[in-house]
Each structure stands twice: as C-alpha cells, then as structure tokens.
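Number of protein chains: 2
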Amino acid sequence: MKSLLIICDGMGDRLTDGKTPLEAALKPNMDSIAKEGITGIMDTVRMGTRPGSDTAHLSLFGYDPFKTYTGRGPFEAYGAGLDLREGDVAVRCNLATLRNGNIADRRAGRDEFGLEQLARELDGIEIDNVKIVFKRCRGHRAVLILKGKPLSPAISDTDPEKLNTPPAKSIPTDNNPDSKRTADILNKFTEMSQKILISHEVNKERIKRGDLPANIVLARGAGTKPKLPSFESRYGIKGVCVSATSLIIGVCRAIGMDIIEVKGATGHVDSDIKKKAEATVNALRDHDFVFLHIKGTDEASHDGDFDSKKKMIERIDREVIGPVLDKVKKDTTIALTADHSTPVGIRQHSADPIPIAILGDVRTDSVKRFGERDCARGDLNRICGRYLMDIIFDISDKAKLFGA
Amino acid sequence: MKSLLIICDGMGDRLTDGKTPLEAALKPNMDSIAKEGITGIMDTVRMGTRPGSDTAHLSLFGYDPFKTYTGRGPFEAYGAGLDLREGDVAVRCNLATLRNGNIADRRAGRDEFGLEQLARELDGIEIDNVKIVFKRCRGHRAVLILKGKPLSPAISDTDPEKLNTPPAKSIPTDNNPDSKRTADILNKFTEMSQKILISHEVNKERIKRGDLPANIVLARGAGTKPKLPSFESRYGIKGVCVSATSLIIGVCRAIGMDIIEVKGATGHVDSDIKKKAEATVNALRDHDFVFLHIKGTDEASHDGDFDSKKKMIERIDREVIGPVLDKVKKDTTIALTADHSTPVGIRQHSADPIPIAILGDVRTDSVKRFGERDCARGDLNRICGRYLMDIIFDISDKAKLFGA
Numbered sequence: 000m001k002s003l004l005i006i007c008d009g010m011g012d013r014l015t016d017g018k019t020p021l022e023a024a025l026k027p028n029m030d031s032i033a034k035e036g037i038t039g040i041m042d043t044v045r046m047g048t049r050p051g052s053d054t055a056h057l058s059l060f061g062y063d064p065f066k067t068y069t070g071r072g073p074f075e076a077y078g079a080g081l082d083l084r085e086g087d088v089a090v091r092c093n094l095a096t097l098r099n100g101n102i103a104d105r106r107a108g109r110d111e112f113g114l115e116q117l118a119r120e121l122d123g124i125e126i127d128n129v130k131i132v133f134k135r136c137r138g139h140r141a142v143l144i145l146k147g148k149p150l151s152p153a154i155s156d157t158d159p160e161k162l163n164t165p166p167a168k169s170i171p172t173d174n175n176p177d178s179k180r181t182a183d184i185l186n187k188f189t190e191m192s193q194k195i196l197i198s199h200e201v202n203k204e205r206i207k208r209g210d211l212p213a214n215i216v217l218a219r220g221a222g223t224k225p226k227l228p229s230f231e232s233r234y235g236i237k238g239v240c241v242s243a244t245s246l247i248i249g250v251c252r253a254i255g256m257d258i259i260e261v262k263g264a265t266g267h268v269d270s271d272i273k274k275k276a277e278a279t280v281n282a283l284r285d286h287d288f289v290f291l292h293i294k295g296t297d298e299a300s301h302d303g304d305f306d307s308k309k310k311m312i313e314r315i316d317r318e319v320i321g322p323v324l325d326k327v328k329k330d331t332t333i334a335l336t337a338d339h340s341t342p343v344g345i346r347q348h349s350a351d352p353i354p355i356a357i358l359g360d361v362r363t364d365s366v367k368r369f370g371e372r373d374c375a376r377g378d379l380n381r382i383c384g385r386y387l388m389d390i391i392f393d394i395s396d397k398a399k400l401f402g403a
Numbered sequence: 000m001k002s003l004l005i006i007c008d009g010m011g012d013r014l015t016d017g018k019t020p021l022e023a024a025l026k027p028n029m030d031s032i033a034k035e036g037i038t039g040i041m042d043t044v045r046m047g048t049r050p051g052s053d054t055a056h057l058s059l060f061g062y063d064p065f066k067t068y069t070g071r072g073p074f075e076a077y078g079a080g081l082d083l084r085e086g087d088v089a090v091r092c093n094l095a096t097l098r099n100g101n102i103a104d105r106r107a108g109r110d111e112f113g114l115e116q117l118a119r120e121l122d123g124i125e126i127d128n129v130k131i132v133f134k135r136c137r138g139h140r141a142v143l144i145l146k147g148k149p150l151s152p153a154i155s156d157t158d159p160e161k162l163n164t165p166p167a168k169s170i171p172t173d174n175n176p177d178s179k180r181t182a183d184i185l186n187k188f189t190e191m192s193q194k195i196l197i198s199h200e201v202n203k204e205r206i207k208r209g210d211l212p213a214n215i216v217l218a219r220g221a222g223t224k225p226k227l228p229s230f231e232s233r234y235g236i237k238g239v240c241v242s243a244t245s246l247i248i249g250v251c252r253a254i255g256m257d258i259i260e261v262k263g264a265t266g267h268v269d270s271d272i273k274k275k276a277e278a279t280v281n282a283l284r285d286h287d288f289v290f291l292h293i294k295g296t297d298e299a300s301h302d303g304d305f306d307s308k309k310k311m312i313e314r315i316d317r318e319v320i321g322p323v324l325d326k327v328k329k330d331t332t333i334a335l336t337a338d339h340s341t342p343v344g345i346r347q348h349s350a351d352p353i354p355i356a357i358l359g360d361v362r363t364d365s366v367k368r369f370g371e372r373d374c375a376r377g378d379l380n381r382i383c384g385r386y387l388m389d390i391i392f393d394i395s396d397k398a399k400l401f402g403a
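Chains as they are written, first to last, in numbering that gives the first Met the number 0: chain D, 0 to 403; chain Y, 0 to 403.
Worth flagging that the hints you see were computed from the coordinates, not collected in a lab.
Note that this is a predicted model, so its numbers are computed, not measured.
Be careful, since some hints might not be right.
If several chains are the same, the list does not tell them apart, and a pair holds so long as it fits within one copy or across any two.
No more than 27 Å apart at the CA atoms, straight line, and that leaves these computed lysine-lysine pairs for DSS-like [stated by the list, open to error]:
1. K179 / K161
2. K66 / K226
3. K18 / K34
4. K273 / K194
5. K367 / K34
6. K329 / K274
7. K224 / K148
8. K1 / K18
9. K148 / K179
10. K179 / K399
11. K226 / K34
12. K367 / K187
13. K397 / K226
14. K66 / K146
15. K1 / K34
16. K1 / K161
17. K262 / K367
18. K194 / K367
19. K18 / K399
20. K18 / K397
21. K226 / K237
All chains, full assembly: derive it from the sequences and hints.
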C-alpha cells in the first residue's frame with residue numbers, strides 16, 4: 000500500500016450564516032472519501048493552539064514543534080533552495096516601501112519589476128565579520144542569512160507588520176550578548192539596505208513606471224537550523240512533496256523529502272491545480288508517500304472571502320480529488336485534511352480542529368459528508384496531528400511494531 | 000468496589016466483507032456490558048503506534064513503555080519464573096532446527112520431546128566470566144540470562160525470524176565496548192550450544208522418532224531489568240493476573256502482581272477458559288483487582304482466520320463473560336477490552352484503536368453493542384491506555400485525589 004496526504008491549507012472554518020465554506024461547497028468527491036472512509040477531527044499541534052503553516056506541517060509530519068521549531072526564517076531559507084549551517088541565523092524578509100520614514104506598503108505594491116536586481120545588490124554584504132546572504136523568493140519575499148559565529152536567533156523583528164509606522168529596531172530578546180550583537184548587525188543591515196536601495200536605478204525606474212519603490216528590507220522570524228531527523232529515518236519511507244509554497248517546501252526540504260515543483264502552480268486561488276493532481280498521480284508511481292499541498296483555500300480565507308474559499312474548495316474537488324480518486328484509489332491510503340482552520344470571519348489561523356477523512360483499509364464509519372461538523376461525529380473521534388503519519392502508515396501496513 | 004479488567008488479546012480488527020470478527024460474532028454478554036455500561040475506543044500506547052503485547056500491557060497498567068521498555072527478554076525471564084539483577088541481560092530464545100547451515104524450522108517442529116533435557120545441558124555454561132542461565136519455557140521457547148558485569152543489551156538478534164537462511168551473528172547496536180563484548184559472548188554461546196545439541200542423545204532419539212532435531216538456539220529481544228515501580232506502590236492495590244501467556248505473566252510479575260496459573264489454560268484457541276473464568280471469580284474474593292488475559296483471539300488473528308477469531312470471541316462470551324457477569328456483577332467494576340488490534344487481513348498487530356466497555360458506577364451511554372464501530376460512538380470517546388487503570392480505580396472509588 001502507498002500513502003497520499005492531501006492538505007488544503009486553512010480549509011477549516013467557522014460558521015457564516017450557519018455554514019462553513021466547506022459545508023456550503025458542492026464537493027461530491029471529497030464527500031465520497033468521507034462516505035467510504037473513516038472520518039474525524041484533528042488538532043494539528045495541540046488543542047487550542049493556533050498553528051502557523053510551518054509548525055502545523057512540522058507536527059503533521061510527526062515532529063513536535065514545541066521542541067523543534069526555531070522560527071520561520073530557516074524554513075524560508077530551505078524553501079528558497081539555500082542551505083544552513085549550524086550557527087547561521089536565517090530571517091524571512093519583505094522588500095517594502097518606506098515614505099517619509101514610515102512604512103507605506105509592506106509588499107512594495109506587489110510589483111516585481113527589478114526586485115531580482117535589487118536583491119542581488121544586498122547579497123554578499125559583510126558587517127562586523129558577518130557575511131550576509133540575501134536571496135529573493137517569489138514576489139516581494141526574500142530570505143536573509145547571517146553567517147559568522149557567534150550569532151543568536153533571540154532577536155526581535157524589524158517588520159512591525161503594520162503600516163504608517165517606522166520600521167522597528169531589532170532588539171535582543173534574551174540576555175545573551177550574542178543576541179545583542181546579532182540584533183545590532185540586523186539593524187546595520189537595515190540601514191545599509193535603505194541607502195543602497197533608495198538611490199538605486201531600479202527604484203528610479205519603478206517610480207517612473209508608477210510603481211512603489213522597494214526601498215527597505217523588513218525582517219522577521221529569525222531562527223537557526225532546526226534539529227530534525229529526516230522523515231526517512233523516522234518512517235523508513237522517503238516521501239515527496241508537491242507544493243508551490245516556499246515555506247511548505249522549506250519544511251519538506253528540512254526533513255529531507257523530495258520536492259516536485261509544478262509549472263503553473265502558484266500557491267494562489269488561480270493555481271493550476273490540475274497539473275498538481277497529475278504530478279501527484281505520477282509521483283505515486285515511484286514513491287511510497289506523496290504529500291500534496293494546496294494553498295488557495297488559505298489565501299481566500301486571509302482575504303475574508305467566503306465565496307472565493309467555497310469556489311476554491313469546489314475546484315479542488317473537481318480538478319484534484321476527482322482525478323486522483325479515479326487514478327490511485329485502490330492501492331493507496333488517501334488522507335484528506337487541512338493544516339489548520341483559517342476562518343474567513345477572523346481572516347487568520349485559528350485553533351478550531353480540522354476535518355479529516357481517510358480512505359483505505361479502514362473501519363468505514365457512518366459519516367457521509369466531508370465537513371467540520373460531519374467529521375466531528377466520525378469514528379476517528381478527535382486525533383492529534385503529531386500522530387497522523389503513524390496512523391496513515393499503520394493503515395498502509397508500513398508501520399513498525401513497538402515491542403514484541 | 001472491586002475491579003476486574005478482561006483483556007482479549009488482539010481482539011480489535013478491520014473490516015472483512017464489511018464487518019469485523021467482533022461485529023460478526025454473537026456475543027450477548029459482551030453486548031450487555033456495552034449496553035449497561037459506558038463505551039469508547041482506546042489507543043493502548045499512543046495513536047498510530049503498533050503495540051507489542053508487552054508494551055501494550057505495560058501501558059495498560061500505567062507504565063510509559065517509551066520510558067520503561069528495555070526489550071522482550073526480561074519479561075520472558077520473569078514469565079519463566081526467573082529473577083533479574085541489575086546488569087543482567089535477558090534474551091528470549093527458540094530451540095530450532097538447523098539443516099546444512101540454514102534454519103529449517105524456527106520451532107524444531109513444535110515437538111517437545113526431550114527439550115527439557117536439552118535445555119538443562121545449556122544451563123550453567125560460563126563464557127569469559129559470564130554465567131549463562133538457560134531455562135526452557137513452554138514448547139520450543141526458552142530464556143537466556145547473561146550474568147556478569149559489564150554487559151549491555153544493545154546487541155542484535157541471532158534469530159533472523161525467517162527460514163532457509165543461516166542464524167545471524169549478533170552485533171553491537173551502539174558504540175559501547177560492553178555491547179561488543181555481550182554480542183561476542185552470545186555468538187560464542189550460539190556456537191557452543193550447536194556443538195552440544197547436535198551430538199546429543201536426545202536429538203538422535205528425536206530423529207529416530209521422525210521429529211526434527213533441536214540443534215540450535217536462536218535469540219532475540221535482549222534487554223535489562225526494567226525499572227518499574229510496583230503496581231501496588233502506584234495504585235495502593237496489589238492485583239492478581241490470570242493468564243497462560245508467559246510474556247504477559249512476565250509483565251505482571253515485573254510489577255509485583257500475584258499470578259494465578261490455571262490448569263488447562265494454554266493461551267491457544269483450545270484453552271480451558273471456563274476454568275480461567277472460575278479462577279477469576281475466586282480471585283476477586285481476596286483481591287481488589289483482578290486482571291484476566293485471554294490469548295486465543297490473537298492467535299486466530301495471526302493465523303488470518305476470521306471464523307476461528309469469531310468463534311473464539313463467541314466462546315469467550317459464553318464461557319467467560321456470561322459466568323463472570325452472573326457471579327461478580329454488583330460489587331465490581333468490569334472493564335472489557337483488548338490490548339491491541341490484530342486484523343486477520345494483515346495477520347499482525349495494528350494501531351487501530353480497540354473497543355472498550357466499562358460496567359459499574361458509570362454514565363451509561365446509548366451504545367448497545369460491543370464492537371469497534373459501535374464503541375467509537377460511546378461516551379468515553381477515544382481514550383489512552385496509559386490512563387485506563389486510573390479510570391477503572393476512579394470508577395471503583397479507589398483513586399487518590401491529586402491536589403486539595
């Protein structure tokens with residue numbers, strides 16, 4: 000038996016006019032997994048804990064995020080194809096717009112013109128014997144790695160995550176003198192980057208074009224290389240990730256999974272998820288475990304757009320679940336779930352448990368539809384995300400016996 | 000209130016033609032416990048973890064097997080009535096048949112003729128200042144204890160657990176030089192035992208009789224004396240075990256329970272379980288906690304025999320549950336469950352949660368039948384085996400208050 004885990008990011012929700020987007024959506028294929036399989040609800044990290052996408056996925060792959068998570072930066076670095084050494088500090092960055100000393104746009108108007116060139120200007124700078132790697136990811140996003148011991152990740156963000164306020168000064172968050180040193184270096188880098196960017200030809204050109212200039216780097220989520228035994232060493236199975244989201248790719252790279260990137264897959268509601276479904280079916284030919292991640296549901300949730308979320312769910316049902324069920328059903332355990340709830344009403348992640356349905360050699364229960372409240376009556380009852388891979392591999396008969 | 004825990008080994012299952020053996024069985028007495036009691040499902044060790052019988056029972060008695068389990072050998076030693084000292088290494092053994100250097104039968108044809116005498120020949124051997132205790136248990140099974148510091152349990156098995164292959168060489172599984180020394184001693188013992196057994200009169204006689212010779216010792220599951228506070232020190236109640244399975248008796252002896260062995264109880268599907276039921280009823284007269292273990296369900300499961308498992312469940316219902324309910328119902332909390340699932344379809348333990356029903360001073364729920372899926376809708380929801388004794392003693396009003 001092979002195993003397939005399908006995560007629709009942020010798919011869980013609360014009630015809007017008496018229904019969740021998942022309950023309101025027409026999704027016959029998801030419902031058939033619930034009907035023929037076993038269902039339940041799941042706390043990805045821990046009851047009542049609002050998971051980030053990174054901590055949620057760590058937990059879903061069996062790693063205790065309370066013990067292993069060091070920050071978002073390292074996973075962004077892995078997601079950008081960079082590698083980390085012991086002692087490096089990685090920080091996630093935005094190329095943003097400063098106007099009269101205040102942040103006018105945290106994403107530089109989302110216009111990508113010239114950003115690659117700007118990022119290259121910031122790469123390779125040295126400050127106080129610390130070498131700085133700066134690499135642009137998708138859109139306005141970038142990753143910064145500080146290299147040169149002794150450094151510490153215990154520093155605050157320079158990104159205040161709000162507008163009309165100056166960038167924050169990074170300060171140490173513990174008493175380690177290395178933290179003070181690291182915060183100082185990040186602040187110096189922020190100043191230097193401003194000087195380099197403000198007067199840069201690219202920004203003159205952006206302004207001419209009517210775009211916002213990308214004239215400051217805002218940093219957040221500092222962390223060091225997380226100590227994670229590989230997925231393969233844990234489960235005896237390598238696993239492959241099909242995702243277009245660099246943070247998720249980063250988590251999967253950090254635990255040594257193979258990565259399949261699909262052309263046309265964007266991580267947005269317009270993503271070519273049909274192609275991802277095809278890639279998933281293909282990947283199952285030579286992998287015992289495939290993880291398929293679809294981001295659009297979370298994006299619609301953060302936009303607070305019930306209809307867009309409902310439509311995205313319907314499209315996933317039609318373009319992903321249907322084709323996948325047609326092609327891989329018989330020899331594969333299929334688990335369908337989310338990484339966390341992102342209720343459209345609050346536009347951010349919540350700790351509401353998420354529905355899960357598993358198709359395979361399971362005790363089919365009486366639940367007929369895939370939804371938050373239907374699945375809450377399923378025979379899995381309420382499970383913990385940390386043990387999901389164990390449960391899936393047990394059903395696929397790939398689990399090891401503990402004891403005799 | 001007294002307490003009775005009845006474990007039907009490996010009773011949980013998956014669906015065969017839409018039903019589990021438990022669901023298919025006629026078992027009015029088990030159903031009456033479900034109907035009058037409270038029900039639920041239980042993960043013995045942890046969601047998704049496939050328990051061995053030893054780790055399962057440790058957990059059911061309240062001991063964290065991830066922290067306390069050192070291997071199967073020590074429990075087999077306790078089950079054989081031997082005692083362990085700090086530093087001893089105990090290994091579970093089979094008397095097996097070697098032919099032309101390959102293992103021809105891991106159980107020497109299951110014929111017991113002369114095995115007791117052969118085992119005595121191997122007892123008391125000394126190798127490199129390590130004294131070897133070798134004791135035969137039931138059938139072809141035996142226990143080996145290495146005595147003489149410094150030893151280490153971090154050694155691999157000599158039993159490859161398959162046929163037509165030579166016995167494995169034991170190798171150290173860590174870098175401790177004591178592990179190398181221990182593995183070397185086990186290998187020397189294996190060679191010596193072969194020499195002693197091959198030419199032994201008993202084996203000449205076995206061959207004459209048409210039996211397979213028992214000419215090699217295969218060892219597995221090395222472990223040291225586990226650090227287990229007694230059951231009585233944990234719960235203030237001594238407890239007594241009624242079982243015919245040496246591994247389970249071993250776990251119970253390791254935690255200081257009394258043991259009742261019942262004549263005619265074999266641990267197989269032909270066991271005289273009526274007598275075990277009588278012994279259980281009697282034991283409840285002078286014990287506050289009795290643990291009754293019935294193995295036949297697991298045996299039928301490992302044979303992949305749905306019908307035999309169903310019949311065994313029906314016999315347990317008729318010959319054990321019925322009489323027990325008649326005689327001890329009123330003043331006794333009765334918990335009925337399994338130690339793990341052993342689906343007949345995969346013929347090995349699985350992590351599927353097991354059904355549980357508890358009769359006593361409980362909140363009777365609406366579940367009417369004792370089965371995997373019926374109990375999944377019970378009011379206990381999904382519980383963890385580690386806390387089962389606490390739950391039982393709480394219902395029996397024998398629990399201590401934590402706090403004030």
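Cross-check of the supplied hints:
1. K179 / K161: within (24 Å within a copy, 60 Å between copies)
2. K66 / K226: Both: 9 Å inside a copy, 22 Å across copies.
3. K18 / K34: Both. Shortest intra-copy (20 Å) and inter-copy (16 Å) distances satisfy the 27 Å Cα cut-off.
4. K273 / K194: Answer is neither: 44 Å inside a copy and 67 Å across each miss the 27 Å cutoff.
5. K367 / K34: Answer is both; intra-copy 4 Å and inter-copy 23 Å each pass.
6. K329 / K274: The answer is within: 21 Å in one copy meets 27 Å, while 46 Å across copies does not.
7. K224 / K148: Intra 13 Å, inter 41 Å, cutoff 27 Å: intra-copy only.
8. K1 / K18: between (34 Å within a copy, 23 Å between copies)
9. K148 / K179: The answer is within: 13 Å in one copy meets 27 Å, while 39 Å across copies does not.
10. K179 / K399: between (46 Å within a copy, 26 Å between copies)
11. K226 / K34: Intra 40 Å, inter 46 Å, cutoff 27 Å: neither.
12. K367 / K187: neither (58 Å within a copy, 61 Å between copies)
13. K397 / K226: Within one copy, since 25 Å is at most 27 Å while 31 Å is not.
14. K66 / K146: For K66 and K146, only the intra-copy Cα distance (24 Å) is at most 27 Å; the inter-copy one is 39 Å.
15. K1 / K34: Result: close within a single copy only, 21 Å intra versus 39 Å inter.
16. K1 / K161: Intra 45 Å, inter 25 Å, cutoff 27 Å: inter-copy only.
17. K262 / K367: neither (35 Å within a copy, 50 Å between copies)
18. K194 / K367: neither (60 Å within a copy, 65 Å between copies)
19. K18 / K399: For K18 and K399, the Cα distance is within 27 Å only across copies (25 Å; inside one copy 41 Å).
20. K18 / K397: between (38 Å within a copy, 23 Å between copies)
21. K226 / K237: Answer is within: at 18 Å inside a copy they meet the 27 Å cutoff, but 36 Å across does not.
Comparing the model with each numbered hint stated earlier shows that hints 4, 11, 12, 17, 18 do not hold.
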